[in-house]
Amino acid sequence: MFEMTKNVLQNLMGKSSTRLYPFAKRETFERFRGTLDIDVDECIFCGTCAKKCPSQCIEVDIKGRTWTCDSFACVYCSNCVEACPTQCMTMSNVTKPPAYEKDVIFYKGKPKEPKEKKAKAAKDEKPAG
Amino acid sequence: MRTILPFGPQHPVLPEPIHLKLVVEDETVVEALPNLGYVHRGLEKLTDIRDYNQMVNIVERVCGICSCIHSLNYCEAVEKLLGLEVPQRAHFLRVMWGEIHRIHSHLLWLGLFADGFGFESLFMQFWRIRERAMDLMEATAGNRVVISTNIVGGVRKDITPEQKAWILAETDKIEKEVRALEKTILDDYTVKKRCCGKGVLTKEQAHQLGAVGPMLRGSGWAQDVRQTGYAAYGQLDFEPVVEYDGDSYARSKVRFREVYAAADLIRQCLAKLPEGEINTKVKGKPEGEVWHRVEQPRGELFYYIKGNGSKNLERVRIRTPTFANIPPLLAVLPGCELADVPVIVLSIDPCISCTER
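So the protein sequences, as listed, match chains A and B. For the first sequence, our numbering begins at 105 and goes up steadily by one. For the second sequence, our numbering begins at 1486 and goes up steadily by one.
Honestly, I wouldn't trust all of these hints.
Unchecked claim - Subject to a maximum C-alpha distance of 16 angstroms in a straight line, what follows is the list of computed EDC-like cross-link-like pairs (lysine to aspartate or glutamate):
#1 A:Lys-156 to B:Asp-1536
#2 B:Lys-1766 to A:Glu-186
#3 B:Lys-1791 to B:Asp-1536
#4 A:Lys-156 to A:Glu-186
#5 A:Lys-110 to B:Glu-1667
#6 B:Lys-1642 to A:Glu-186
#7 B:Lys-1506 to B:Glu-1724
#8 B:Lys-1661 to A:Glu-107
#9 A:Lys-156 to A:Glu-134
#10 A:Lys-206 to A:Asp-174
Just so you know, these hints were derived from the structure itself, not from any lab.
Okay, chain B solo, but in the shape it has when bound:
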């Protein structure tokens, strides 16, 4: 007999309001229907009343966990429109803060994931390490989550040599502490039992349904927007993290290993940090249209910006990674057990306020 079960918008494993109608037959999910729109805030419409410099602070608030990378994308897009040449130091600092943000986002997710299948001790361990990344951001940029460090034309604050040494030491500590937890999450019986072979997205499906980020790389595609070399990534040695199984376990593995990759990028960034200015004076008003994409912790982030020569932009269109990952999620849910649904939904790292803006 078929029954429709509501999953969300308020659910113990999800801090965000996604609503899925699950069509179940006995205990097996047959179909999943999404229902979004609970936290729509109309941020894109604010372009009408806020000028393009103020919009930096608004796009940061699309999502708290990847705020720095949202503003990086927006600033780079506006700079493209204005034809601004940003100093090299600013590019490197942007990458550094972006990677600290990535570490903090992945550790947050790993904690939530552990909490999702009832491993509360591991949740606490991850969040304790995450605190180090938050402190780094507070000390260097001035805030813990929405750090407001990117501005059109560069970055707001520079880092001192003492801070540089401290960041390197903290990054090493973060990596060491995460490595100590590696076996606990990746070799644990309970974790493997709940994740291996659950929610499998095949390589073809991932390509056809347009999966992005760890969802795509967990299915065997070595594709990462950082390879395009935006900001300072072109000057850094970087390889995407790939796993081939396509299940929840592979996706968590990708996120876990990306923490190491991010720590490595921070080290490279600080080693190659050039001297000089950190921002340039902005002149003119944006005219024309441009798109830009960057890699967020969750995947590819796409911005389309249209300016009409006034201080207000005509249109800002944001496509966030979770929006792209919802069709693959709906494809992997049918056929799974009802008890596995929370873990599979968590494994795409859903950010609903991102999706709805």
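Next comes chain A alone, as it looks inside the complex:
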């Protein structure tokens, strides 16, 4: 009958098991998959992340050089991060803050320099050098 007495006393004397959430926040663990982000300057817009995504929340436009992620559809599985050939995507351990509206993460990359121009520029540079 008195099995719980020790436990009850511990609960009364000890610290609370819960936190006052908005004021006291728990630190997340290092490996926690919280938010998805991309370093768009490194991105080559190959679309591998969009193909690997199980919830199909990523859209990559190769011609327009845009990368869009519907973060409210994302399941934070990190399939895209592992598949990325340039390793430009990251999962940080910060939880996404509450939002009033559904929005998307949108990035526009730098326009790709045409190959011919590059070659020409290289040619032009050589005689000068």
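Chain A is fixed; fit chain B onto it per the hints.
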């Protein structure tokens, strides 16, 4: 006089929508008729548009509480089709995460069960211990419930030596704290009054109606799919937990003692953890058909997979433990008091989103 009483789909003791039509005579249940289909999501059909690697994340979402073991089963089945040899370390890590999941699932159920007959303090105690298991999963795999750690060919993350020591310490703490609650739930007058002799499933009935998991083992059958030795279970010392009474009390006892068994398996797993790679490169596309079964916290989980040589599988058929446990539930309900129905329904650990997928 006979009356039909609806039980569910929304009921205070059940977080999930099971609907039972109870035919009652005065206060005694005469017959129970199930009505399912409230949370059907058509996950099996998604094989048409998602490839077999993406399906790992989809089958995890069949059920949140045993997500890791769903993906373990699926991955092992696809690996069988592809003829992949998975590194030993991956097998052991899969078992470790599976057993942490089992602890978390059983503690969740024990809490809900205590809450089912109004023992709210005990509910809080169990869920506080469960928090430790959730933290283990968050720190090692990256998430708390749907941990997405299994992939076709192995596992995604390795554990560091510091984490290994921490997991062992936490497992010991979990076991110690659960043992402290043992007498409260198993020797308590109220608990015994509400559970002993309620919803008795005899040994013959359990066999004939195909009960699985704690429902089967609570009726005296020492049968556990982990004995078949899938993943790394073949290299671990393991014995199924058996009780003989077949009532709600025996079933809760089985689940309670399985927490200790799971803690023991985690310790063995970490002691025998071999060094080496954690995943292999996957080549080829699945062709042919295969079935695979594993033991979930609720019982046997069965997967049938058919591949046609393309990146999409042709068919994935999942039979979950709750689906197998519904006929035994319908067999134990007639003859019981109406007030005992919530506790008996809870004692099979129903997971309706599992059943309907």
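Review point. Is Lys-156 (chain A) within 16 angstroms of Glu-186 (chain A), Cα to Cα?
Key: Holds, at about 10 angstroms.
Exercise for review: Starting from Lys-1642 (chain B), check that the Cα of Glu-186 (chain A) is at most 16 angstroms away, please.
Suggested key: Given that 16 angstroms is the threshold and the Cα spacing comes to 11 angstroms, the pair holds.
Check your understanding: Keeping to a limit of 16 angstroms between CA atoms, is the pair of Lys-110 (chain A) and Glu-1667 (chain B) held or broken?
Key -> It holds: about 14 angstroms lies between the C-alpha atoms, which stays within 16 angstroms.
Exercise for review: Assess, step by step, whether the Cα of Lys-1506 (chain B) is no farther than 16 angstroms from the Cα of Glu-1724 (chain B), and give holds or violated.
Suggested key: Answer violated: Lys-1506 (chain B) to Glu-1724 (chain B) is near 38 angstroms, above 16 angstroms.
Check your understanding: Within a Cα-Cα threshold of 16 angstroms, do Lys-1661 (chain B) and Glu-107 (chain A) meet the stated pairing?
Key -> holds (14 angstroms)
Review point. Taking 16 angstroms as the top limit, are the C-alpha atoms of Lys-156 (chain A) and Glu-134 (chain A) close enough?
Key: violated (24 angstroms)
Check your understanding: Are the Cα positions of Lys-1791 (chain B) and Asp-1536 (chain B) separated by 16 angstroms at most?
Key -> holds (13 angstroms)
Point to revise | Straight-line alpha-carbon gap Lys-206 (chain A) to Asp-174 (chain A), limit 16 angstroms | key: Holds - the C-alpha atoms of Asp-174 (chain A) and Lys-206 (chain A) are around 8 angstroms apart, at most 16 angstroms.
Point to revise | Hinted pair Lys-1766 (chain B) and Glu-186 (chain A), Cα distance within 16 angstroms | key: With Cα atoms ~13 angstroms apart, Lys-1766 (chain B) and Glu-186 (chain A) stay inside 16 angstroms; holds.
Practice item. For the pair supplied as a hint, Lys-156 (chain A) and Asp-1536 (chain B), confirm whether the alpha-carbon distance does not exceed 16 angstroms. Key: holds (9 angstroms)
Violation of the numbered hints given earlier is confined to hints 7 and 9; the remaining hints are satisfied by the structure.
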